[in-house]
Each structure stands twice: as C-alpha cells, then as structure tokens.
Amino acid sequence: MSAGTLYDKVWDLHQVAELPGGSTQLFIGLHLIHEVTSPQAFSALKDLGLGVRHPERTVATVDHIVPTTSQARPFADPLAEEMLATLERNCAEHGISLQAIGSGRQGIVHVIAPELGLTQPGMTVACGDSHTSTHGAFGAIAFGIGTSQVRDVLASQSLSMGKLKVRRIWVDGQLQPGVYAKDLVLHIIRTLGVKGGVGYAYEFAGPGIEALSMEERMTLCNMAIEGGARCGYVNPDATTFAYLHGRPYAPAGDAWDRAVAWWTSLASGDQAVFDDEVRFDATAIAPTITWGITPGQGIGVDESVPTLEQTDPDERPLAEEAYRYMDLQPGSPIAGVAVDVCFIGSCTNGRLSDLQAAAAVAKGRHVAPGIKAFVVPGSEQVAAAAEAEGLDAVFREAGFEWREPGCSMCLAMNPDRLEGRQISASSSNRNFKGRQGSASGRTLLMSPAMVAAAAIHGKVSDVRVLLQS
Amino acid sequence: MTALSFPFGIIPQVEGRAVVLTGDDIDTDRIIPARFLKCVTFEGLGVQAFADDRAELQGSHPFDLEAHQGARILVVNRNFGCGSSREHAPQALMRWGIRGVVGESFAEIFYGNCLALGIPCFTASHDQVLALQAAIQADPAQTIRLDLDSLQASTAAGLSWPLAMASGPRQMLRTGQWDATSQLLANDGALKKTAGNLPYVSGF
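Protein chains in written order, with my numbering: chain A, 1 to 469; chain B, 1 to 204.
In isolation and in its complexed conformation, chain A is listed as follows (with noise of 0.2 Å):
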C-alpha cells in the first residue's frame, strides 16, 4: 500500500468521512463543469430540491459542442445553441462563473483552468470529462467523473470514492529533439497498455519529467486515462510555481509565499512508498504514431504495423480488428500513410506551446495539396497569445486554416468531423472508431509537429528530418 505519496497526502487532507457502504467521502476542491455533461445533473438536482452548496467552488465553461468557424449566436446547430443556453441558464440560476464566448477566457476547460490560476497542487478538481486527469500536471489530485457524480458534487461539493493505488512512472534522460511530450505518454501507453492503469493513479517522476514544461506535463497527465489510470500527476516544484505565479485566480502577497511553502510540502518524499514502480528512458523515444484503435497501439514513426506474431496473444484479436478497421497492412511501415485531413488541436495538444512547436514544421513550407489542414487553438487566451506572435499568419500562409478555440474534430460534437472513411493526422487523444464523426473514419495520433509533418507531406513522415533540413 502506497505511503507519503503527493496522493496519499492529498487523498487524507480531503478525507470528510467513512461512508456506509465503505468508501470515502472526498471533499473537491475545484469542480469544472462544460454543456455536455451538466444539465442532466443540473436537472436532478432540481428534482431533489437541492442547490448548489459551492458554487464559488465550480467553474464553467463551453468547449465541445463550439463550432470553431462562427461562433455566433444562436449557433446553426439548434441542439448546441439548446446545450450552451442550458449551461447559461443553469450557471445564473446558481451563481456559477461561466467563462463565455467572447470573454477572453472561454476555451476548453482543460485548458483554461491551468491558465486561469484556478488549477492549483494540492487541490481535489473533478469534472464529468475523462481528460480532467490533466490538472495533475500541477501535483492535483484530478479525475473525470460522470453525470451522477456531476450532480453530487454540485449538492454537497464532495464524492464517494474508492483510494486508488499509486504506480511511480519514473523517466530518466531528456526527449529529443523532435521529441515531444505526446510522444513520451504515447510511448508509455503503448508498453503499459490501455488496461494497465486501471486501479491506479500514475505518479510521473525522474529527470525526465522534471525537465518537462507546464504544458507538456498536462499534455502527459491528460493521457494518463488513455492508460487506464483515472489520474496521473507530476509533484509541484519550481516549473510549477513559475507557471502558476500572476494568473488570475492564483494567491499574490504574503499568501503566495506560505502557498508555495504548502504545495512544496505535499510532494512525494524520498521515503515515498508506491505500490508499483515502473521506468522508461526518455532519450531512447522516437516520436510515435497510433496505427490502430487504442491509444495503445503505437509505434515509432520509423516502426513498422505490428504483425500478429509480434503481438501479445491476448491483444491479438483487437490487432486484427484494427488491421481490418485502418485498412493498414501487418508489417508495412507507418511511415509514408497517406493522410487526407490534420488536425491540431485539443485538450492534449491545444495550447501555445503545441501551437509554436507546429508552427515551427510549417513555417516557409506548404501543406500538400489536397489535404485540409486546420488548426484549432485551445482557448481564447491561447488564441491571442499565437496571434501576438504571428503563429495565425504563420498556419495560413502555409495553408492551414486558423480556427475559433474548442474541441473541435477530436470528438466531432461540432461541425468539425470527418467524411467516410478519410484518415486523420490528429493532434488528439482517442483513435476509437467512429470517434472524429464518421462511423468509418479512422484517426492517426501524434504530436502536434509530426501532424504539420504530415500535412507537409500528404502522409506521415519524421518530423526530425524536416526540422533538420
């Protein structure tokens, strides 16, 4: 059983009481809520007569039904302008804070939280979306919930919960070039597996983590559910602090000093005892590509498609499935697929820096023709920052188009989608069938650079050679 961990300290902090059927009441120090799956809960609250009991304590925003083209209201789709009406309703009735359209602080909500200083170490945040295992990044303790839970938080700002063990993924050396964030839990995924995780929350240490910005720490936590773990966090330390220090919501002063005094308290000590411990080398990680339809069907981008008697029996038969559902060949290389959209974009690779490091690919070069290319950034406050530094002219002059901020194509609840069974470059986090909005289409991951790589080329290539060359 884990000991001393930042999740064994967080987990007691929270703690209000043993429940009778013998899980923990937790209390949830940050609830983040979006349209898709609040006003369900809204609805049983009001058939409960309860109200809110916190509502200072959630935030809201409008991410995944958006469409990022116009966002002018009502929106064309009747049944999206009927879900962001019934947010807002919703948010006034309960004095609720909603980070609207046109605010400057609209976005998707993984994003905005870490930007607005509301994410903190430290802190319990939930919301009913799986990728709110992002704000581990910052030494939270953070997990996606469903509409139920949605509504229990909302009556009694706290949750039933079971403890989770604790799995130390420890990552020596630095990525390389060309290398991204993405890459590194992509790789994690592929060799732990999509089961791997469950019952666990992932502690992301070692050199190779500490060396990792803010945002590619929320990039590796925001996939830490891809693994099977509900959470995954980094310890707070000074990249923490540096991100956090001025933002809107975070503490100032004198406050400031005894938060930071806090936070750096919680982190994993050395006498830190985890249930599992499991390490990688960051230095011996290509940039990698899913070519089926798990997350964790990865490989190198100078791999091949793994043949069945490379794969592990038991996952044999969904490699089967996926050879049939990609129409991609056991043993080809993956290399060299051709690819008919790119998207970057997401909760995963949506903010500034994911934006700069495409960029960079794109500059001075040419998406192929025939392929649409767009790129959508993750909020509003993302979207003015690349547009400050001429990122937008940047994607455009390359013959990407330049989008409005929110989910977008990774889960197609917006007009972004893919036709039949075109294939997507996708900056995103599911490669699930029919997951982009076509029952057939079939999606590629990767890091936003090897995206503009393959918008470049028309087909998936090494973004190391073009940043070289």
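Derived from the structure by calculation, the hints contain no laboratory data.
For every residue, glycine included, the Cβ atom is placed at its ideal position computed from N, Cα and C.
Take the hints with a grain of salt, since some may be wrong.
[To be verified] Below, a sample of chain B positions facing chain A; criterion: calculated Cβ distance under 7 Å:
hint, residue
1, Asp24
2, Asp27
3, Ala34
4, Leu37
5, Gln48
6, Asp52
7, Asn79
8, Glu87
9, Asn113
10, Thr181
11, Thr194
12, Gly196
[As the list claims (entries may be wrong)] From chain A, some residues computed to sit far from chain B (all C-beta separations above 12 Å):
hint, residue
13, Ser23
14, Ser70
15, Ala92
16, Glu210
17, Met214
18, Asp275
19, Asp276
20, Gln329
[As the list claims (entries may be wrong)] Chain A regions said to be covered by chain B (calculated; three or more residues, Cβ under 8 Å):
hint, stretch
21, 119 to 127
22, 141 to 154
23, 192 to 205
24, 251 to 263
25, 314 to 324
Chain A is fixed; fit chain B onto it per the hints.
Below, chain B without anything else, positioned relative to chain A:
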C-alpha cells in the same frame, strides 16, 4: 422503449436473459457515439446504444438479434467502458434494458457510473467469462441470475459461475445505499471541518 423501471433501493440480484458482447477495450464512444450526446436529458439514449457498431453489422449486432430483445444482463470481456467519462454510456445501456453486467474487467469511471445508477458490474476470471458467454450463446432464451449475496451467476438448469465484486460497491448495492447523494449531504458538518483545514480554501 421499456416498461421496466430503473434500479431502485436494495439490489440483491439481477435476473433475466443475457446478451454477450465479445471483445476487449470496448470504449464509451462505441457504446454511445458522441453525436448522441447533444442532448440535455438522457431520455431516448436507449435506442442509440452501439448505434455505429449496429449500423455496420446491419442487423447482426447482438443488440439487434431477436433472441436478445428484452435482455437484462450484459456479458463482456476486458476493460469494458474505457475512454470518455460520459454517463450517457451506462444510461444508454440501462435504457436499452440492461440491469447488470459481467465482465473480465471494467474501466474505472464506467464502473462508478454504473454503480451510481444501481447497475452492478461483476467481474469473473477470463475462463469463467468465456464459459458464461458460451452458455448464453448456446441458449439465449434461458434466464441467468446474478446474485450479490452468493456472488454467483446461475441458471435454472443448475449451472453456475463464480463472480467477484469489491466489498464496498457490493455492500452499497445490497443495502440500497448506492445512491450517494443523501449520504454525502448528511455529513455537512464534517465537510465544513475538512474544508476549513485546507489552506487553499481559507486563502492560505
């Protein structure tokens, strides 16, 4: 689409015909594709369960087969319900008629969402799940009983398979305390105390 009431109170067992869905890592995007999440209520999700898989199989998906209409039990393999946290997934299954699930393993959030709806998710070993699936496919019309007391799946003909369930969820279902809201609200004093001791709540 079903006159069956939703789970309520003490849940000692689930009984009914069963439907088998083979394959590992069946994610919630497949259980309910994202386009069906454009709604402000869960009503109507039942008919949309597995919409894309069913369209692809043109009537031969287990959820479309005549023999499985009215099934109450779903038997799956490993890591069922992975991916998105959408409660729309268990809501769609529940509204299609499912009241209990047996699998080799479940994704964490999906499992919790089912519990919050009063749908027990049992686990069983690989071999036992395969045996149960084979028995169901051999005779889809038979009634299967999933018992939370004895932790067994059984048939009237006397076949049985051992099941497992963590003690917490099991106790919550057996005592009717799976609906957490009222329990959470009962501890408001303790909640105030916990919150009061957190530096970030008090402004450091």
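The hints, checked one at a time:
no.	hint	verdict
1	Asp24	holds, 6 Å
2	Asp27	holds, 5 Å
3	Ala34	holds, 5 Å
4	Leu37	holds, 5 Å
5	Gln48	violated, 13 Å
6	Asp52	holds, 4 Å
7	Asn79	holds, 4 Å
8	Glu87	holds, 4 Å
9	Asn113	holds, 4 Å
10	Thr181	holds, 5 Å
11	Thr194	holds, 5 Å
12	Gly196	violated, 10 Å
13	Ser23	violated, 5 Å
14	Ser70	holds, 18 Å
15	Ala92	holds, 16 Å
16	Glu210	holds, 24 Å
17	Met214	holds, 18 Å
18	Asp275	holds, 15 Å
19	Asp276	holds, 16 Å
20	Gln329	holds, 21 Å
21	119 to 127	holds (count 3)
22	141 to 154	holds (count 9)
23	192 to 205	holds (count 4)
24	251 to 263	holds (count 6)
25	314 to 324	holds (count 5)
Checked against the numbered hints given earlier, the structure breaks hints 5, 12 and 13 and satisfies all the rest.
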